[in-house]
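Student: Generate the whole structure from the sequences, applying the supplied hints.
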Amino acid sequence: MNLLVLSDFHLCNGDKFGTFGWKSREFKKILKRLVKHYNIEQIILNGDIFELYKYNYSDIAAEYPKLIKFINKKKLFIYIRGNHDWVCDYGLENYTIENSKMEKIYFEHGHEADLWNGTLPGRVIGRLLFRFLKILVNINFFRSIYLRIVEIDAEINHIPRRYNSWRYLQYALNLLKKYDMVVLGHTHKIETHECRYLGKKKVYLNSGACTLGKFEGLFIDSETLKYEIIKLK
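Each residue of the sequence shown is one higher than the last, beginning at 5 in our numbering.
These are calculated hints, taken from the structure and not from any lab test.
Worth double-checking, as some hints may not be accurate.
As the list claims (entries may be wrong) - Pair ranges (Cβ atoms, derived):
#1 K230 - L96: 21 to 27 Å
#2 K78 - E102: 16 to 22 Å
#3 N103 - I139: 47 to 53 Å
#4 Y61 - T228: 35 to 41 Å
#5 I233 - K181: 48 to 54 Å
#6 N144 - K27: 20 to 26 Å
#7 N6 - K70: 22 to 28 Å
#8 N6 - N144: 41 to 47 Å
#9 H41 - C199: 15 to 21 Å
#10 G203 - N103: 17 to 23 Å
#11 D19 - E227: 41 to 47 Å
A virtual CB, placed ideally from N, CA and C, is assigned to each residue, including glycine.
Tutor: Below you can see the structure in the form of structure tokens.
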């Protein structure tokens with residue numbers, strides 16, 4: 005099966021606080037082009053598609069009605085919840101595909117590896133802090149500071165210090181004892197790591213992010229476990 009794996013859109017309501025950075029029509033056009041080019045049979049949305057820390061789902065749906073209608077096609081898309089959309093009414097905690105050779109690919113957003121985002125209290129506190137920030141960004145001074153922090157330090161163009169460790173790799177390596185390929189998101193950083201465990205090749209991938217006008221993802225052939233990094237601007 006040909007798979008396209010994407011994560012971390014952080015769809016917003018179009019206000020000053022949002023960081024998606026794409027027009028709905030442009031983003032849909034890229035998705036359809038990739039589906040055709042790679043002959044995609046399934047798209048895995050690997051968490052944080054909706055920015056529900058900051059916005060209500062209804063407000064996001066009103067801003068991106070056509071895009072959301074497209075990604076709600078159940079025959080094509082598999083939706084996995086992340087820490088920013090854990091309150092979403094639908095979606096999975098994780099997803100596993102097994103090929104004809106009994107090889108297993110495991111998909112999870114990856115926030116469970118993070119002490120802060122992997123706990124319910126941490127998520128609740130984070131949501132409250134975002135609500136407070138949402139008020140501040142209506143002031144131009146605070147908005148300029150916020151956007152600069154997002155660009156430099158908040159998971160977009162550089163690895164944040166809190167992610168600049170081997171914690172997520174170690175988390176994936178533990179999963180690879182059971183699975184042949186593990187695919188996470190969350191860090192907004194495309195990664196590929198290969199290793200061997202008990203004589204078998206193991207692969208850890210991270211799907212990067214589609215935000216601030218950046219488009220990153222992964223193509224995976226579930227039958228051969230071959231993969232390709234996708235980066236567009």
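Student: Given the hint of 15 to 21 Å, check if H41 and C199 actually sit that far apart at their C-beta atoms.
Tutor: violated (30 Å)
Student: Do N144 and K27 keep their Cβ atoms within the hinted range of 20 to 26 Å?
Tutor: At 24 Å between Cβs, range holds.
Student: Check the following: the C-beta atoms of K230 and L96 are separated by a distance inside 21 to 27 Å.
Tutor: holds (24 Å)
Student: Please test the hint of 41 to 47 Å on the beta carbon pair from D19 and E227.
Tutor: About 43 Å separates the Cβ atoms of D19 and E227, which means 41 to 47 Å holds.
Student: Between the beta carbons of K78 and E102, is the distance compatible with 16 to 22 Å?
Tutor: Roughly 20 Å apart at Cβ, these two residues keep to the hinted range, so it holds.
Student: If you check the beta carbons of G203 and N103, does the distance land in 17 to 23 Å?
Tutor: holds (19 Å)
Student: Is it true that the C-beta distance of I233 to K181 lies inside 48 to 54 Å, as the hint says?
Tutor: violated (25 Å)
Student: Please test the hint of 47 to 53 Å on the beta carbon pair from N103 and I139.
Tutor: At roughly 49 Å between Cβ atoms, I139 and N103 fall inside 47 to 53 Å, so the hint holds.
Student: Is the hinted range of 35 to 41 Å satisfied by the C-beta distance from Y61 to T228?
Tutor: At roughly 37 Å between Cβ atoms, T228 and Y61 fall inside 35 to 41 Å, so the hint holds.
Student: Is it true that the C-beta distance of N6 to K70 lies inside 22 to 28 Å, as the hint says?
Tutor: holds (24 Å)
Student: If I claimed the Cβ atoms of N6 and N144 lie 41 to 47 Å apart, would that claim hold in this structure?
Tutor: Between N6 and N144, where Cβ atoms are some 46 Å apart, the hint holds.
Consistency note: the structure conflicts with the earlier hints numbered 5 and 9.
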